Each structure stands twice: as structure tokens, then as C-alpha cells.
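Per UniProt numbering, the very first residue in the sequence shown carries number 1; after that it's consecutive.
Treat the hints with caution; some may be incorrect.
[What the hints assert, rightly or not] Distance condition first, Cα-Cα at most 16 Å in a straight line; then the derived EDC-like pairs of lysine to aspartate or glutamate:
id, residue 1, residue 2
1, K62, E15
2, K77, E137
3, K57, D136
4, K57, E15
5, K57, D12
6, K77, E15
[To be verified] Label-pair ranges, simulated between beta-carbon atoms:
id, residue 1, residue 2, range
7, P179, S73, 25 to 35 Å
8, Y93, P154, 15 to 25 Å
9, D199, L108, 39 to 49 Å
10, S107, M18, 46 to 56 Å
Just so you know, the hints here were simulated from the structure itself, not pulled from any lab data. It should be emphasised that the depicted structure is a prediction, and the values quoted were computed from it without experimental measurement. We put the CB at the ideal spot given by N, CA and C, even for glycine.
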Amino acid sequence: MMLTGWKGKLNDFLEWAMRLAYVNLLWIGGSLLGLLAAGFFPATIAMFAVVRKWLQKDEEIKTASYFWKIYKSEMLKGNAFGYCWVILGLILYFDLSFFRSFSNLVSLIFTYVTFLIGAVYICSLLFAFPVYVHYDERVFQTVKNSVLLTLSRPLFAIVLAIAFYLPYYLVFRVPGMLPFYSGSLIAYCLLFVSLKIFDNLEQLEKD
Numbered sequence: 001m002m003l004t005g006w007k008g009k010l011n012d013f014l015e016w017a018m019r020l021a022y023v024n025l026l027w028i029g030g031s032l033l034g035l036l037a038a039g040f041f042p043a044t045i046a047m048f049a050v051v052r053k054w055l056q057k058d059e060e061i062k063t064a065s066y067f068w069k070i071y072k073s074e075m076l077k078g079n080a081f082g083y084c085w086v087i088l089g090l091i092l093y094f095d096l097s098f099f100r101s102f103s104n105l106v107s108l109i110f111t112y113v114t115f116l117i118g119a120v121y122i123c124s125l126l127f128a129f130p131v132y133v134h135y136d137e138r139v140f141q142t143v144k145n146s147v148l149l150t151l152s153r154p155l156f157a158i159v160l161a162i163a164f165y166l167p168y169y170l171v172f173r174v175p176g177m178l179p180f181y182s183g184s185l186i187a188y189c190l191l192f193v194s195l196k197i198f199d200n201l202e203q204l205e206k207d
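Take these sequences, add in the hints, and give me the full structure.
Rendered as C-alpha cells:
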């Protein structure tokens with residue numbers, strides 16, 4: 001029986017809540033299965049891939065089997081992609097620590113420049129997984145495209161930052177949400193906004 005009105009909306013909300021909780025548990029399980037170091041990035045990519053399918057109205061996928069299929073296929077490439085970002089982040093962190101250890105004007109300038117690069121890095125990281133699962137490209141091309149998106153569309157990057165912060169704040173403020181929505185709700189919000197951005201950019205290219 002088709003539910004309409006507020007009952008239909010409530011049913012849709014509860015269905016999405018169950019879906020997100022389920023894929024979040026798969027994400028945690030996949031991360032732990034790879035002892036975090038080898039499992040976190042493939043599990044995160046698999047979670048984003050599942051949520052992307054849902055947002056694109058692909059109702060035919062079997063969540064668990066599709067998740068584990070992506071998880072296994074992304075074990076090498078996904079980790080290479082993830083650790084590229086880790087290495088970039090560590091370089092920025094050590095550069096910042098180095099420049100802040102001096103008190104002269106040149107070091108102060110380099111500190112501010114590194115902060116600016118760090119802001120670009122963080123915004124690019126928000127684009128990283130949506131770009132990865134939406135476009136089938138090589139690791140370095142995906143990293144480059146994430147950075148270029150941030151630099152060429154700073155307003156989109158700000159919107160994406162808000163789309164990250166709101167679910168992050170909610171998950172860590174509301175008791176009981178952490179084990180069920182710590183990853184999936186953030187992935188949903190980031191993808192919801194990112195897919196609209198990608199559609200907008202593709203439409204601009206056609207015009």
C-alpha cells in the first residue's frame with residue numbers, strides 16, 4: 001500500500017534512516033576488517049559508492065553485496081588514493097610546524113601561505129571521495145580534479161564545507177548517533193551537494 005502525505009514522508013525518512021545506519025555498520029566493519037590502516041579507505045569508497053547509487057535512484061542494488069564488491073576492488077587503488085591525501089596532509093603539517101618554530105617576518109609569511117594552502121587542502125578533501133566515486137579516473141587525476149574544483153569554484157567548496165559540518169555536528173552532539181551515522185550521514189550530505197554541483201558543471205559544459 002502506497003502511503004501519502006505525512007505518513008509517506010515519515011516512511012521515506014525511516015527507510016533512509018535504516019539504510020544509512022546499515023551502510024554505516026558495513027563501513028565500520030570494513031574498516032576494522034582491514035585493521036583500519038588497510039580497510040578505512042576502501043570501506044569509505046564503498047560507502048560513498050553505495051550512497052551515490054541510492055541518490056541516483058538505483059534501487060536494484062543489494063547494499064551488502066555491492067558494498068563488499070567495491071571494497072575488494074578498491075583495496076589497492078583506494079588505499080593509494082587515500083594515502084596520497086595522508087601524505088599531502090603530513091607535508092603541510094610539518095611545513096606549518098617548521099615555519100611556526102621561527103619568529104621572523106619571512107617565517108610568518110610562509111606560515112600564512114601554508115595556512116591558506118591547508119584550507120584549500122581541506123576543501124579539496126571534501127570533494128575527494130565524491131569525485132572518486134562519480135568519475136572513473138586515475139588516482140592523481142582525481143586528486144588534481146578535487147583541488148581544481150576547489151580553486152575554480154570556491155563558493156561550491158564553502159557549500160560543501162557546510163554540508164560536512166552540519167551532519168558532523170549533529171552526529172557528535174546527539175547521543176546514540178555515532179555508531180550508526182558517523183560516516184554515512186556525512187557521505188549522504190556531501191554526495192547530495194556534490195552530485196548537484198557535478199550536474200551543474202556538466203550542464204555548463206554543454207551550453
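task: With 15 to 25 Å as the target window, see if Y93 and P154 comply at their CB atoms.
output: 23 Å, holds
field: CB-CB spacing for L108 and D199 relative to the 39 to 49 Å hint
entry: Roughly 42 Å apart at Cβ, these two residues keep to the hinted range, so it holds.
- request: Decide if the proposed pair is consistent with the structure: K77 and E137, CA atoms, cutoff 16 Å inclusive.
  value: 11 Å, holds
Hinted pair K62 and E15, Cα distance within 16 Å: Holds, at roughly 15 Å.
message: Please check whether S107 and M18 have a Cβ separation lying inside 46 to 56 Å.
response: Given a distance of about 53 Å, which is inside 46 to 56 Å, the answer is holds.
task: Starting from K57, check that the Cα of D136 is at most 16 Å away, please.
output: 20 Å, violated
Straight-line alpha-carbon gap K57 to D12, limit 16 Å: Since the Cα atoms of K57 and D12 sit roughly 13 Å apart, the hinted pair holds (cutoff 16 Å).
task: Could you tell me whether the CB distance from P179 to S73 stays inside 25 to 35 Å?
output: Cβ of P179 to Cβ of S73: about 26 Å, so the range 25 to 35 Å holds.
- prompt: Given the proposed pairing of K57 with E15, does the C-alpha separation stay at or below 16 Å?
  reply: 14 Å, holds
query: Can the restraint linking K77 and E15 be considered satisfied, given a maximum Cα separation of 16 Å?
result: 32 Å, violated
Of the numbered hints listed earlier, those contradicted by the structure are 3 and 6.
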